[in-house]
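Trainee: The primary structure of each chain is shown beneath.
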Amino acid sequence: MTTGKHLAFYASFGTVLMLLAVTAPLALAFGFFSATGSRAQFAPLRWVSQTYMALVRGIPDIAFFLFFVIALDQGIEWLRHQAKCPDWSEPIRQGNDFIVCAAAKMPLNNAPESVHQIYGFALAVLTFAIVFGAFAGNVLAGAMNTVPHGQIETAEAYGMSHRQAFWRIIVPQMWIYALPGLSNLWMVLIKATPLLFLLGVEDVVYWARELGGTKNIRFTEYPHGDWRMWYFLALLVFYLLFTKVSEIVLSRVTRKLSQGQATAGGEALRKAGAAP
Amino acid sequence: MSCLQTVADYGLRSIGIGERLLPRADITLCEQITLIGSGMLWNIYFGLLAILFGFFSATAMALAKNSRYKPLRKAAEWFIFLFRGSPLFIQFFFGYFLFLSLKQSFPLFDAFTSAWIGAAIVLWLNTTAYSAEIFYGALQSIPKGDIEAADAYGLSGWKRFRRITWPTLLRLAWPAYTNEAIFIFHSTTLVFFSGFPALQQKGDALYYASYFADKTFNPFIPYPILAGYFVCVTLCIILTFGAINRYLNRHLPSSKRPRLRLRPQVIR
Chain A
1 MTTGKHLAFY ASFGTVLMLL AVTAPLALAF GFFSATGSRA QFAPLRWVSQ TYMALVRGIP
61 DIAFFLFFVI ALDQGIEWLR HQAKCPDWSE PIRQGNDFIV CAAAKMPLNN APESVHQIYG
121 FALAVLTFAI VFGAFAGNVL AGAMNTVPHG QIETAEAYGM SHRQAFWRII VPQMWIYALP
181 GLSNLWMVLI KATPLLFLLG VEDVVYWARE LGGTKNIRFT EYPHGDWRMW YFLALLVFYL
241 LFTKVSEIVL SRVTRKLSQG QATAGGEALR KAGAAP
Chain B
1 MSCLQTVADY GLRSIGIGER LLPRADITLC EQITLIGSGM LWNIYFGLLA ILFGFFSATA
61 MALAKNSRYK PLRKAAEWFI FLFRGSPLFI QFFFGYFLFL SLKQSFPLFD AFTSAWIGAA
121 IVLWLNTTAY SAEIFYGALQ SIPKGDIEAA DAYGLSGWKR FRRITWPTLL RLAWPAYTNE
181 AIFIFHSTTL VFFSGFPALQ QKGDALYYAS YFADKTFNPF IPYPILAGYF VCVTLCIILT
241 FGAINRYLNR HLPSSKRPRL RLRPQVIR
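First to last, the protein sequences are chains A and B.
Here the first sequence is numbered in full-length UniProt numbering, starting from 1 and rising by one per residue.
Here the second sequence is numbered in full-length UniProt numbering, starting from 1 and rising by one per residue.
It cannot be assumed that every hint is accurate.
Said to hold, decoys possible - Selected chain B positions facing chain A (in silico; Cβ < 7 Å): (1) P87; (2) I90; (3) F94.
As the list claims (entries may be wrong) - Here are the simulated SDA-like cross-link-like pairs (lysine to any residue), alpha carbons at most 20 Å apart as the crow flies: (4) B/K215 / A/V69; (5) B/K159 / B/A64; (6) B/K215 / A/E77.
Quick caveat, the hints were computed from the structure, so don't treat them as lab data.
From a predicted model like this one, the values you see are computed outputs, not experimental measurements.
Each residue gets a CB set at the ideal place from its N, CA and C atoms; glycine is no exception.
Excised from the complex, chain A in its bound form:
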């Protein structure tokens, strides 16, 4: 249970948690930008953010994950190729091959294995952030529109500019309206993490398959039959616990944010506070 491979298996749970820790803020940032963009007064910016949200939300899930990783990879290599090898004469797409000069490879061919892994992980994070950013953007845009209109009118009556009203009135108040959508998204994000496996990262699914497979006495210290079922059962329980804990935490946060808000939840809290 403590061989090198098993340690890698335990560490891969860390990979999942790290992915969540990095992706969630990044996706939220993407979402915030696109939501703000969709309300911008500058039309092209509005169009770009609205197209981004519509496009990502309309196309099926997993295809996007597979597509983005290759597309991003090729895009980065293409840009580096343009910058580093300007005198390269052959076309990049030769029939079925995508060929860039050696200096433009990302990561470089002679880079150590860990760099390759980190690069793969970073691509995965970016892909997740792009996809979930569009969903978060949709939620946040909805939340911004739900902030009661009277609030904005009051802000304007006090002489606040458009920008001031946005930052001081809408942004602080929108979270309670965004929270149900965002917590739903967080649950979906947790359940999307096993897809790391498809993106070529050595994650929990990879190790569960590796370690659970039939072990032979000649090759390992712990021979056993096909234990993949039990390994995946462990993963199933891990995810169940994780979603349960998130559910409890999120319901607390909702309660906290509802305080003093002009919503049914806030009203209930106010009454409960006033009663005794």
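Go by the hints and put chain B onto chain A.
Mentor: This is chain B only, laid out in the frame that chain A set:
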């Protein structure tokens, strides 16, 4: 080779009819469209099966969750939590290896490790859990007056359920259930990436799309084709479910009918 010839060769390739070898070099657009389309047959098969069986089992599960009998209620709650709280991807893996282990002890489970039945069962259970939650929510929000009126008319038991509860339940749940149906179709793409083997390269649409992306190093053609097919399937679902929605609400004036609101989602 003309495009018609390609369609004849690869049109039913995903169910094992036609040319055995997949195209390897000089892959044409026609071949990509044909093969990915042929793979869609599997997606449609899994999706339809899951929706058909899932609909009835989800109704039963929602009723069980609403039941006054505690063990039944708890069992339904646990079932729903189990399938909604964990990733479908892991469920596929677990299901596959579970069937694999069962197969070794009971020859009865021989067929279950192949996708056409094993994956269909996992999908069915999964959609049961998600739809049951939708139906349960609708069951909770059936207007009290409806039930009271049914009581006043002397309806009870099965008759009340059949005439009053169930139609109202469906009316309330239908917009959310449409999204669930779209979603289960999208989820069928996970099947061949999660343990279930694509024997003799008989896979679904995404399997062929990623095959082409691997062979040509060019994701910009197969994935948009795949997306195109899925947009078509999604449109068909919307049309069908929209027609059912109109049928369910045929007693209402058209301005008062609940509209289907599409809420696309990511992976489950």
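Trainee: Which earlier hints turn out false for this structure, listed by number in ascending order?
Mentor: none
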